[in-house]
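Chains as they are written, first to last, in our numbering: chain Y, 747 to 1346; chain L, -17 to 333.
Treat the hints with care, as some may be off.
As the list claims (entries may be wrong) - Label pairs and their computed distance ranges (CB to CB): (1) THR14/L x GLY912/Y: 35 to 43 Å; (2) GLU1272/Y x ASP251/L: 43 to 51 Å; (3) SER1243/Y x ASN66/L: 55 to 63 Å; (4) GLU1186/Y x GLN277/L: 28 to 36 Å; (5) ASN(-1)/L x THR1319/Y: 29 to 37 Å; (6) THR11/L x MET1182/Y: 20 to 28 Å; (7) ASP751/Y x ALA271/L: 49 to 57 Å; (8) LYS(-10)/L x GLY1079/Y: 49 to 57 Å; (9) LEU1294/Y x LEU260/L: 18 to 26 Å.
Calculated from the structure, these hints are not laboratory results. Think of the CB as a built atom: it goes at the ideal place given N, C-alpha and C, for glycine as much as any other residue.
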Amino acid sequence: MKSTDISDPQYFHKVVDCQYACPAHTPVPEYIRLIAHGRYDDAYMINWQSNVFPGVLGRTCDRPCEPACRRGRVEEEPVAICRLKRVAADFKDDISARLPKPVQRKNGKRIALVGGGPASLTVARDLAPLGYECVVFDGDPKAGGMIRTQIPKFRLPDSVIDEETGYILNLGVEFRGGTRVDSMKKLLSENWDAVFVGTGAPRGRDLDIPGRQEAAANIHIGIDWLSSVSFGHINKIGKRVIVLGGGNTAMDCCRSARRLGGDDVQVVVRSGFEEMKASPWEKEDAMHEGIPIHNYLVPKSFTHENGKLTGITFEKVKAEYDAKGRRKLVHAGEPDQHFPCDDVLVAVGQENAFPWIERDCGIEFGDWDMPKVDEKTFRSTHPKVFFGGDAAFGPKNIIWAVAHGHEAAVSIDKMLNGEDIADRPAPAVEVISQKMGIHEWSYDNAIENDHRYKVPLRDKVIALKDIKAEVELGFDVNLALKEAGRCLNCDVQTVFSASLCIECDACVDICPMDCITFTPNGDEKELRQHLKAPALNLTQDLYVQDGLKTGRVMVKDEDVCLHCGLCAERCPTGAWDMQKYFLEMAHAGSSCRPPRRSAA
Amino acid sequence: MTYLAKPKFHHPGLPKNELGYTHRDYEGTVSTLCAGCGHDSITGAIIQACFELAIEPHRVAKISGIGCSSKTPTYFLGNSHGFNSVHGRMPSVLTGANLANRDLIYLGVSGDGDSASIGLGQFAHCLRRGVNMTYIVENNGVYGLTKGQFSATADRGSKSKRGVTNTDNSIDMVAMALQLGATFVARSFSGDKEQLVPIIKAAIAHQGAAFIDVISPCVAFNNHLGSTKSFDFVREHNEAVNRLDFISTRMPIGLQQEPGTVEIVEQHDGSKLALRKLAADYDVHDRSAALGFLQHHAAKGQIVTGLLFVEKEAQDLHAHLATVEQPLNALGEKELCPGSAVLDKINAGLR
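With the rest of the complex left out, here is chain Y (with noise of 0.2 Å):
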């Protein structure tokens, strides 16, 4: 193998899983320690800067960077990541002194974000302080979108979203509540310099069985019903509830309507428990309430009397796999089931839907009636027309909205400075040496043997009396500090100089997880196998440097490497050292400008 060359960004940036994962790329290990520290305010800027939403985030990210985590490799869970973002935003200072100001002189550049949620949010955030007059359309009367209308109150608190939201629109972005875009043309008309439209994936689809329509007075889609719970036009629901449906959106009902008085809530999917949509803690928060999720039950029709419905029929399946290992659904030759029920709340997904966009105004549309967007640039095929979010690529949840959001933003301010939006910019990296002294780091760098802390949460019996009563309480401050503390600090890299080591051993021989080995170099295939322990997970990286006396090479693989630092510290030479790498994604404004600041 050839030796890596850990001067490109994305190799140590591989290393750390969290950030890696995450789509807007958070140095969570960072803000970690941070909280570890009681630095509460600095966690959260370091959220703040590049999430946007960390009170949000920190209580509804789908959290791709927990399944990444590395603790989650080593022992049995991953750090409570974003349970800790919420600590971050909890226990946080007024921190409206070190927010930016908003700008004085503008720059006489106008943008219409279409969409009050996080996509358009985020574009608004990054663009409003440096000087664009950014203007958001949204047909509800305040900020935040599906944040708003779509999230329950018990798990997410208006104070949240008002807060961050208005740390948004308080840099002089101006908010058109209540102002619904009808017409994509009449918009360009009116001489935007830049269109951003994240209008999310509003239509929840319909389920169209047999009875649909003559019991449609108790039969509810699950996006429409959870936005008129949100906004106080619906509050009470028949006591026996059926929720169609296995994703997050259908656990939020089932859990609502638990609130509004179904006593006997239900959740009926198609597939096998397993395959839902529906994160696993989202499962385990609506079956600790008392509600039973049934599997592999196909709706067939809903039955009704008088027109008032009074059940649905199932009809059992079972998974059957072809030779490609496709799964398909057949009878599973067990009689159809009946479930009775008063109401039902269809959560079978959400569509995009983009009527108001005139289909002769420049954006192209393609496959299911998408707009063709640039993956890179999210630019249409309207130079001035930008997607983002749910309105991009169809549903995906909060933390793509905020990654897209700040993508188009450069894209923006790229294209109105005379750029090429193509020309995408670096991110800003940084590796500092964390050797302190002999013996001294200035991480902790002590491996807590500690199992994943639970977050308390409010009684169960009170929590389903009040649908605004926040479920979660979130950790307090000793928690945080030992859930904190099972955080392995991957982002301080072990970073190997061939020229001082003179192959002592030391390090093979102290490394816990067996992760180093000096052996005669070959190809990575063959290498994998004959390390010290068999390096496995393809999907991890091996360091492999070469340049030492004996002519072997220095191989350690990065899988389960606990960045203890127990090689820096037993080599006599110092050709370990551990050292601190910081990424930061470029985002709108000076950082994005070229000449490119290069990457460390």
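Put chain L on the given structure of chain Y with help from the hints.
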């Protein structure tokens, strides 16, 4: 030394031996020696050897004297018996323990100061008697604990860290061991575990006095230009006579080698040593030729390593003395104190 505890986590794919242990289970506490010390690598090799042999830790007694090397038993086999004796007196303690309980595996760990200076007499007599043990000398040529004075194994003409030339002749402990009748003699290098681990395994299986001289660079005081015990010098002047593969009694011989290139030596316990020859005409069973070979190469400044001598039909002290088969702690009071009638009989025999 390090102030960090070694984390308890281990690689999820770590192999286990027949006892269900990983090599981590054969560790001791974290070393307090200087970072990079060759002794720590020897510790690593002992851990690996015991793991691969699937030795039950409670069946091992590790005995040492005084010095950097003699601290190391703390760093391996944390669940074994140990005795840290007076300076240079490890061989006596080991001999006594061995006589009392012949069922244990005896690991004598010593250094060049402990064995070649203050304990030279003990070293000599222990080997001469053929005590069944593995005697490892972690040989760095300096007194590390007292800041790097030459030890008795420092080569004449080699330089100290401060530039002083050694004018005394050195003691070659391998040559002494051969002369004193050790039945298994090897030399290795802490920086070459591939050579060292099989040698330790073979020595543990050897039913007699096994002696291993391991050159172990002292990174603090003897790893400079002018030293003959530095990593660079040993790597450049290493003259390995053979490569050893150890085949335990439980393993079938899977080696399909061309005849002539590999010599299989069967030991008393049924284990086998597969020796791949590197030096042509080197006979691992010829004691006097081994001595000549050693001196010849030493004169050229070369360090001969590998398995240098092994006696096929080794006997140990218990065989010489015809002692009782069982360890003393397994005997009852009747056997241990047979009464005055027996004593009278013995006394009569001495008159």
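Evaluated hints:
| no. | hint | verdict |
| --- | --- | --- |
| 1 | THR14/L x GLY912/Y: 35 to 43 Å | 57 Å, violated |
| 2 | GLU1272/Y x ASP251/L: 43 to 51 Å | 36 Å, violated |
| 3 | SER1243/Y x ASN66/L: 55 to 63 Å | 38 Å, violated |
| 4 | GLU1186/Y x GLN277/L: 28 to 36 Å | 49 Å, violated |
| 5 | ASN(-1)/L x THR1319/Y: 29 to 37 Å | 33 Å, holds |
| 6 | THR11/L x MET1182/Y: 20 to 28 Å | 25 Å, holds |
| 7 | ASP751/Y x ALA271/L: 49 to 57 Å | 53 Å, holds |
| 8 | LYS(-10)/L x GLY1079/Y: 49 to 57 Å | 51 Å, holds |
| 9 | LEU1294/Y x LEU260/L: 18 to 26 Å | 22 Å, holds |
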